[in-house]
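Chains A and B supply the protein sequences, listed in that same order.
If you read the first sequence in our numbering, its first letter stands for residue 1, the second for the next number, and so on.
If you read the second sequence in our numbering, its first letter stands for residue 1, the second for the next number, and so on.
There's no promise every hint is true.
The list that follows gives simulated cross-link-like pairs (lysine to any residue, SDA-like), each with its CA atoms no further than 25 Å apart [stated by the list, open to error]: (1) A:Lys56 to A:Arg330; (2) B:Lys4 to A:Arg131; (3) A:Lys120 to A:Arg131; (4) A:Lys209 to B:Gly94; (5) B:Lys4 to A:Lys56; (6) B:Lys4 to A:Ile39.
To spell it out: a stretch of chain B is covered by chain A in this simulated footprint if at least three of its residues, at any positions, have a beta carbon under 8 Å from a beta carbon of chain A; those stretches are [to be verified]: (7) 4–17; (8) 35–44; (9) 53–67.
If we take Cβ atoms under 8 Å as the criterion, some of the chain B residues that face chain A in the derived model are [unchecked claim]: (10) Ala31; (11) Glu74; (12) Arg75; (13) Trp81; (14) Arg93.
If you're looking for bench data, these hints aren't it; they were derived computationally from the structure.
We treat Cβ as the ideally placed atom computed from N, Cα and C, and that holds for glycine.
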Amino acid sequence: MSEFLGYERDDGSIGIRNHVPIIATAPYANDTVERAADIVENTIPITHPLGRCQTKPDVFQTYRTLLGYATHPNTYGAVVVAHAGEIVDGDELADDVAETGRPSESVNVHREKGVMNALKATVDAAQGMVRDASAQRRVPADMSNLTFGINCATSDTTSGLCQHKATAGAAWRLIDEHGGRGVFAETPEFFGGERELAERADSQEVEQKILDRVEWWDQRLQATGYDVRGAQPTPDNMDGGLTTIEEKSLGALVKSGDGPIQDIVDYGAKIPDESGMYIMDTPGHGAESVTGIGAGGAHFMIISTGQGHTLSNAVMPTIKITGNPGSAERVPEETDVDVSEALVGEQSFDWATDQLWEEIEEVVNGKLTMSEALGESQFAIHRIGPST
Amino acid sequence: MADKYIQVVQPTDNVATALRALEAGEAVTVAVGDEERTVEVNEDVRFGHKIAIEEVGTGDTVTKYGKSIGNAIERIAPGDWVHVHNVESNYGRGDIAGENRAEAIHE
């Protein structure tokens, strides 16, 4: 299959879902957003503790991430809810959404004279938008439009030996056979494998950039004066047999395959249109890294897990794959694809890749993932510096 | 014949990953590249955890995927369980910043 059925956007992107997020620009709009999303079917609340009392790099990162969700290929349009005049400005965000041709509405609690009026305005805007979204039909689109997000979660020693090979196989199938893009992240999980990873860079400039980012993370962790062990690998990683961050990294990097790396982009930045594999510079913290990859515009996310995980994203459908037979039994409702038969060679890794690919084909055409069916999702923007 | 439930990723690795529970006292045969090696398991090892397939001296590099995954903090004998009690990482270590770190990690 080289085509799928997707939703066309005015900015040229193609979505695999037609979501209407309701987006808070500051924590004081979170309640209004949650309540409106409870009332209006088929909306997604996007809430967070950021958007104010931040220094410029964090303001920029928060804004870029929220804009990334509001203008994601899978987003039909967005309702932005602000509290008052804030450093992340609701009207500015709504204007930037409108520039992509998407419907956008801006609600401000102070301007509405309180939360009750603001809730009514948010519900009105969202109700109209989801009805319009529901009228849009899927149309045939080329698979080269798709961007494949890759993340791991609750890794164990099966991750690098099995499921990551299927994830890499499917990602490179999209890139090599269909002209799509892939993006993986979690820079501190390059520790120990950074040299081989950097050697895969398409240019010397990108090679140096990868090494510099890894060094920056290591220096930053060392500057704490504390031992990072216990935070990385995490207790669940260690329970699954991973001993050090180096071992976790060497396994984690298997999910990126061994092909060339086009570039390493900043947290939440848009993934370039050119076909190929990209890195996004994120922490290993899954909720934060997946949130960043979503902001970058990945259409769907493969969570390649060892022990099983609830990690998922509301805007990017999240397909979870495991190669650990115990996990598939322990958390069946978090397992979309079980390739554990490939772990000790009862099936080949090509078979495992095919299993994942078939699921991807279904999901991009509209089949709900396990986490979508359960309504699970997390949203956590990575914070760089202190609040002020 | 080598046990497919105990995997060595690269022939230069000095640890293997157990993909079944191992019991103290059992002799296991693992494939190391084209060769086979038999070691006696010294203690129970859980699914997913590692055993040493050769001796690793105190301070020596523990190798998996053909790369360092840290250094042994005590002598590890063939058949020993290899985990956080006898191996330590060389990254993100604010507690030992600057102490011969670079030398250790790229062996």
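Hints, verified against the model:
Proximity of Lys56 (chain A) to Arg330 (chain A) is assessed by CA-CA distance (about 44 Å); at most 25 Å being required, the pair is judged violated. Note on Lys4 (chain B) and Arg131 (chain A): the hinted pairing is violated, with a Cα-Cα distance of about 55 Å set against a maximum of 25 Å. For the suggested pair Lys120 (chain A) and Arg131 (chain A), the alpha carbons sit about 17 Å apart, so the restraint of at most 25 Å is met. Pair hint Lys209 (chain A) plus Gly94 (chain B) holds up; C-alpha atoms about 23 Å apart against a cutoff of 25 Å.
The suggested pairing of Lys4 (chain B) with Lys56 (chain A) is violated, with an alpha-carbon distance near 54 Å, which exceeds 25 Å. The suggested pairing of Lys4 (chain B) with Ile39 (chain A) is violated, with an alpha-carbon distance near 54 Å, which exceeds 25 Å. A stretch counts as covered by a chain when three or more of its residues have a beta carbon under 8 Å from one of that chain; for the region 4–17 of chain B and chain A the count is 5, and the coverage holds. Check result for the region 35–44 of chain B against chain A: violated, 0 residues qualifying (beta carbon to beta carbon below 8 Å, three or more required).
Check on the region 53–67 of chain B: 4 of its residues sit with their Cβ under 8 Å from a Cβ of chain A, so the three-residue criterion for coverage holds. Residue-level restraint check for Ala31 (chain B) is violated (minimum Cβ-Cβ distance to chain A is 11 Å; threshold 8 Å). Hint status for Glu74 (chain B) relative to chain A: violated, with the closest Cβ pair at about 14 Å, above 8 Å. Evaluation of the Arg75 (chain B) hint against chain A yields a violated restraint, the C-beta minimum of about 16 Å exceeding 8 Å.
The interface hint given for Trp81 (chain B) is broken, as the beta carbon of that residue sits about 10 Å from the closest beta carbon of chain A, more than 8 Å. Proximity of Arg93 (chain B) to chain A holds as hinted, the smallest CB-CB distance being about 6 Å (cut-off 8 Å).
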